[in-house]
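Protein chains in written order, with UniProt numbering: chain A, 1 to 509; chain B, 1 to 161.
Mixed in with the good hints, there may be bad ones.
[Stated by the list, open to error] Listed next, the in silico DSS-like pairs over lysine-lysine satisfying Cα-Cα at most 27 Å (straight line):
| # | chain 1 | residue 1 | chain 2 | residue 2 |
| --- | --- | --- | --- | --- |
| 1 | A | K353 | B | K89 |
| 2 | A | K151 | B | K109 |
| 3 | A | K157 | A | K190 |
| 4 | B | K126 | A | K103 |
| 5 | A | K486 | A | K458 |
| 6 | A | K103 | B | K109 |
| 7 | A | K157 | B | K124 |
| 8 | A | K154 | A | K142 |
| 9 | A | K425 | B | K89 |
| 10 | B | K126 | A | K101 |
| 11 | A | K429 | A | K353 |
| 12 | B | K109 | A | K154 |
| 13 | A | K281 | B | K68 |
| 14 | A | K486 | A | K425 |
| 15 | B | K109 | A | K195 |
| 16 | B | K89 | A | K421 |
| 17 | B | K126 | A | K45 |
| 18 | A | K103 | B | K124 |
| 19 | A | K281 | B | K67 |
| 20 | A | K123 | A | K198 |
| 21 | B | K109 | A | K198 |
| 22 | A | K386 | B | K89 |
| 23 | A | K101 | B | K109 |
| 24 | B | K124 | A | K101 |
| 25 | B | K68 | A | K302 |
| 26 | B | K124 | A | K421 |
| 27 | A | K103 | A | K45 |
| 28 | A | K418 | B | K126 |
| 29 | B | K67 | A | K302 |
| 30 | A | K486 | A | K386 |
| 31 | A | K45 | B | K124 |
| 32 | A | K195 | A | K151 |
| 33 | B | K109 | A | K157 |
| 34 | A | K281 | A | K198 |
| 35 | A | K77 | A | K157 |
| 36 | B | K124 | A | K418 |
| 37 | A | K157 | A | K195 |
| 38 | A | K353 | B | K68 |
These are calculated hints, taken from the structure and not from any lab test.
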Amino acid sequence: MPDRTKSSKTVPDGDRISGLPDPIVHHIMSFLPSEDVARAGTLSKTWQSLGSTNPNLDFDQAAFERALPQTLSAVEKLDLFLTSLNRSLRRLEERSMNVHKLKLHAVVQDPRLFELAVERALKSNAQEIELDYYDLDNRYYKMPQCLYSAKPVKRMKLTGFEAGIVDLLSGCPSIEELDLVWCNSSEGVKFSSDKLLKFHVELQVCGYSIDYNAVRAASFVTRRTCTINLSTCTFLRSLSLKNAKVSDRWLERHISALAHLEDLSLVRCGGLARVRIFHEKLKRLHLIWCVKVEEAEIDCPKLRRFVFEGGLPRFGFLNSSGSLVATLTVQKGTTIWWFLQFRRLLGLFDHCKTLEIVCDSYEELVFPEEARESFLPPLHDLKHLKIDCRSSTVDYTELVDNLLWLSPHLEIMFLNSKVEKHCLKFQYKKISEEKGEEDLLCCCRAYPKECWRHCLEKVIIDNLDGSANGNDNRKNLLNFFCENAKGLESIQDNSRTFKVAEGKILNNQ
Amino acid sequence: MASSIENNNEKLTLKSSDGEEFLVEKHVALQSTLLQNMLDSDCSSADVIPLPKIDARTLALVLGYCKKHADASSSKQGELNSFDSEFLKDMDMGALFNLVLAANFMEIKGLLDIAAQKIADTIKDKPHQEVREIFHVENDYTPEEEAAVREENRWAFEGFP
Chain A
1 MPDRTKSSKT
11 VPDGDRISGL
21 PDPIVHHIMS
31 FLPSEDVARA
41 GTLSKTWQSL
51 GSTNPNLDFD
61 QAAFERALPQ
71 TLSAVEKLDL
81 FLTSLNRSLR
91 RLEERSMNVH
101 KLKLHAVVQD
111 PRLFELAVER
121 ALKSNAQEIE
131 LDYYDLDNRY
141 YKMPQCLYSA
151 KPVKRMKLTG
161 FEAGIVDLLS
171 GCPSIEELDL
181 VWCNSSEGVK
191 FSSDKLLKFH
201 VELQVCGYSI
211 DYNAVRAASF
221 VTRRTCTINL
231 STCTFLRSLS
241 LKNAKVSDRW
251 LERHISALAH
261 LEDLSLVRCG
271 GLARVRIFHE
281 KLKRLHLIWC
291 VKVEEAEIDC
301 PKLRRFVFEG
311 GLPRFGFLNS
321 SGSLVATLTV
331 QKGTTIWWFL
341 QFRRLLGLFD
351 HCKTLEIVCD
361 SYEELVFPEE
371 ARESFLPPLH
381 DLKHLKIDCR
391 SSTVDYTELV
401 DNLLWLSPHL
411 EIMFLNSKVE
421 KHCLKFQYKK
431 ISEEKGEEDL
441 LCCCRAYPKE
451 CWRHCLEKVI
461 IDNLDGSANG
471 NDNRKNLLNF
481 FCENAKGLES
491 IQDNSRTFKV
501 AEGKILNNQ
Chain B
1 MASSIENNNE
11 KLTLKSSDGE
21 EFLVEKHVAL
31 QSTLLQNMLD
41 SDCSSADVIP
51 LPKIDARTLA
61 LVLGYCKKHA
71 DASSSKQGEL
81 NSFDSEFLKD
91 MDMGALFNLV
101 LAANFMEIKG
111 LLDIAAQKIA
121 DTIKDKPHQE
131 VREIFHVEND
141 YTPEEEAAVR
151 EENRWAFEGF
161 P
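Next comes chain A alone, as it looks inside the complex (with noise of 0.2 Å):
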């Protein structure tokens, strides 16, 4: 039970944060940066004497030192450094209390300054260590021994070592989560735990087989062919890999093993080039410049998220959920076949709630007036629109002709630029049956549905960010919406609007 009294704070009546119980605001300190709980101690007294109770430490050796003045030498800077944080460590001692969590990032000539802290914080009994060593000659380092038997510590991350998980596993009992980065392990892992639930490792190692039944999620980065077994991890939910050299056996095998899986993230898998995944449960999928892949089929009646980046494979099928929100970062290309393969792409997503298109360059989305005038657009029941282009847009009125011919029901359209965010709403009206011939436009003869241009009522344009281009575009935009949406009675533009007729701006109201 936290402690709830208080007797020894005063505070003012209308200062209700200092008058929160110490655990309280020790645990809102634990949600911000050590800058921040820094300077909340210059607040006030009572906050001064709250960052000496403070049992999550968090020191960085170098923005300690960059704020200290230029002409101390390094040797006195480090004194500095490990006089404070040595201080911190001792005031909790003095009060007996615990330490809940070290956090130390260090730049390290000699990792047995740091290792009387880490010892005194163990004795303490944190619950969570993170030592993150860094060397200028990208050397790792010996773990501190004391690591090897931290019996009450529950997370661990660890940067920069060489480690011996199999060793450090069995003798840190109560271990959750353990995040090994940049380190490194010369033999093979091979191990079983029924703690660990989180894992992710950055190792340069051959394999790893890891067997064991409460690990949840698990991360591998590894930079050179190294074989993974995790066939046996049946309560996975979220799987990982970045750079594995895995093959398309490997995974058909352990996505059929892995029932529960919800969440997985492929990176840089050189070795994937027929990717199927069927799977009941998935929900998230990454598939992030898997640059060899050439097909892909994808059954995942779950499936709320897709992020794809990378060139354009053949996807075969792609069955979702209803609700899916989908990412696309295509490789470029410029001839009408790329078009072609692009527009076949988009089609599988006609069906998700949002599409979201990233790209260099808007130009990249704008089709060929060719490949418009014999391709069907590829996306006519989408609703949710979203483009986020890297550089800025130039011409609004080209982008906005393109998007709504690849999209032509849309009913909102996010366009996210370098420099700004637009926003346009569309509103249409039902088009009665008793239309003439001639108000069909050529444009609509082979579509299942007419476009925009016959049946837009009014749109609302909002500029969210900024207006770099100025007035032009804006013009532009709002001429081409009248002479081209030929039942447009308004437009909203932020928090005016225009009534529209015979394609012309009738007034200004």
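Put chain B on the given structure of chain A with help from the hints.
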């Protein structure tokens, strides 16, 4: 959180500091570790459980949160996340402090975390003078004392006045 649904229909009564009574389904109440422990230790569910530190307005909010989280299965994590962010969106600081205290007292970890996160977001990246104003923290340092504390933490003031 896995909650046993076998006694789904059982209800219990919670009483706020200002005397209002709330009838709560048991599986909703189990979101609170405090109530869970009380129920486990054989407190009869016919009794009224007083919560003397939590007013009716706050308790209603807390129970709204518990109900949403008890009823949604773990498979709806995305929906819960958006519920959580909406839940606190336009809440004023006073209500937020009441909520964080209530969540702490009733031991509802998820609610405690989102409320604490929300308060932390208000502090983040702001100069400490501004934080003092937002939370009405009285500066009881002498200028010399303040300068000394600041000097000790000077690394944290880079880019701040």
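We went through each hint and held it up to the structure:
Between the alpha carbons of A:K353 and B:K89 the distance comes to roughly 24 Å, so the proposed pair stays at or under 27 Å and holds. Between A:K151 and B:K109 the alpha-carbon distance is near 24 Å, which keeps this suggested pair within the 27 Å criterion. As the CA atoms of A:K157 and A:K190 are separated by approximately 19 Å, the hinted pair is consistent with the 27 Å bound. For the hint linking B:K126 to A:K103, the alpha-carbon distance of about 23 Å falls within 27 Å, and the restraint holds.
Annotation: proposed proximity of A:K486 to A:K458 holds, straight-line Cα distance about 11 Å (limit 27 Å). Distance restraint check for A:K103 and B:K109: the Cα-Cα separation of roughly 23 Å lies within the 27 Å cut-off, and the hinted pair is therefore satisfied. Only pairs whose Cα atoms come within 27 Å are accepted, and A:K157 paired with B:K124 is accepted, the gap being roughly 24 Å. Taking the CA atoms of A:K154 and A:K142, the gap is about 21 Å. The hint holds against a cut of 27 Å.
The straight-line distance between the Cα atoms of A:K425 and B:K89 is roughly 25 Å, inside the 27 Å bound, and the hint therefore holds. In summary, the hint linking B:K126 to A:K101 is supported, as the alpha carbons are separated by about 24 Å, within the 27 Å threshold. As the CA atoms of A:K429 and A:K353 are separated by approximately 21 Å, the hinted pair is consistent with the 27 Å bound. Taking the CA atoms of B:K109 and A:K154, the gap is near 17 Å; set against the 27 Å cutoff, the hint holds.
At roughly 23 Å between alpha-carbon atoms, A:K281 and B:K68 fall within 27 Å of each other, so this suggested pair holds. A distance of roughly 17 Å separates the Cα atoms of A:K486 and A:K425; the hinted pair therefore holds under the 27 Å criterion. Restraint check for B:K109 and A:K195: satisfied, since their Cα atoms lie roughly 21 Å apart, inside the 27 Å limit. For the hint linking B:K89 to A:K421, the alpha-carbon distance of about 23 Å falls within 27 Å, and the restraint holds.
Among the hinted pairs, B:K126 with A:K45 is consistent with the structure: their alpha-carbon atoms are about 19 Å apart, no more than 27 Å. At most 27 Å may separate the alpha-carbon atoms for a hinted pair to count; A:K103 and B:K124 meet this at roughly 19 Å. Pair hint A:K281 plus B:K67 holds up; C-alpha atoms about 25 Å apart against a cutoff of 27 Å. Distance check on the hinted pair: A:K123 and A:K198 sit about 24 Å apart at the alpha-carbon level, within 27 Å; holds.
Taken as a hint, the B:K109 and A:K198 pair is honoured in the structure, with Cα atoms around 20 Å apart against an allowance of 27 Å. At most 27 Å may separate the alpha-carbon atoms for a hinted pair to count; A:K386 and B:K89 meet this at roughly 25 Å. The straight-line distance between the Cα atoms of A:K101 and B:K109 is roughly 18 Å, inside the 27 Å bound, and the hint therefore holds. The suggested pairing of B:K124 with A:K101 holds, with an alpha-carbon distance near 20 Å, which does not exceed 27 Å.
Taking the CA atoms of B:K68 and A:K302, the gap is about 22 Å. The hint holds against a cut of 27 Å. Of the supplied pair hints, the one linking B:K124 and A:K421 holds, its CA atoms being roughly 25 Å apart against a limit of 27 Å. Distance check on the hinted pair: A:K103 and A:K45 sit about 25 Å apart at the alpha-carbon level, within 27 Å; holds. Between A:K418 and B:K126 the CA atoms are separated by roughly 26 Å; this keeps the pair inside 27 Å, and the hint holds.
Distance hint between B:K67 and A:K302 is fulfilled; the C-alpha atoms sit about 25 Å from each other, no more than 27 Å. Between A:K486 and A:K386, the direct Cα distance comes to roughly 25 Å. Compliance with the 27 Å bound is thereby established for this hinted pair. Restraint check: the Cα-Cα separation between A:K45 and B:K124 comes to about 20 Å, which is no more than 27 Å; the hinted pair holds. For the proposed pair A:K195 and A:K151, the alpha carbon gap of about 13 Å is at most 27 Å, so the pair holds.
Between B:K109 and A:K157 the CA atoms are separated by roughly 23 Å; this keeps the pair inside 27 Å, and the hint holds. Using a Cα cut-off of 27 Å, the hinted pair A:K281 and A:K198 holds, with the two alpha carbons roughly 19 Å apart. With a C-alpha separation of about 26 Å, the suggested pair A:K77 and A:K157 falls inside the 27 Å cut-off, and the hint holds. The hinted pair formed by B:K124 and A:K418 meets the criterion: a straight-line CA distance of about 25 Å does not exceed 27 Å.
For the suggested pair A:K157 and A:K195, the alpha carbons sit about 16 Å apart, so the restraint of at most 27 Å is met. For the hint linking A:K353 to B:K68, the alpha-carbon distance of about 24 Å falls within 27 Å, and the restraint holds.
This entry satisfies every hint, going by the numbered hints stated previously.
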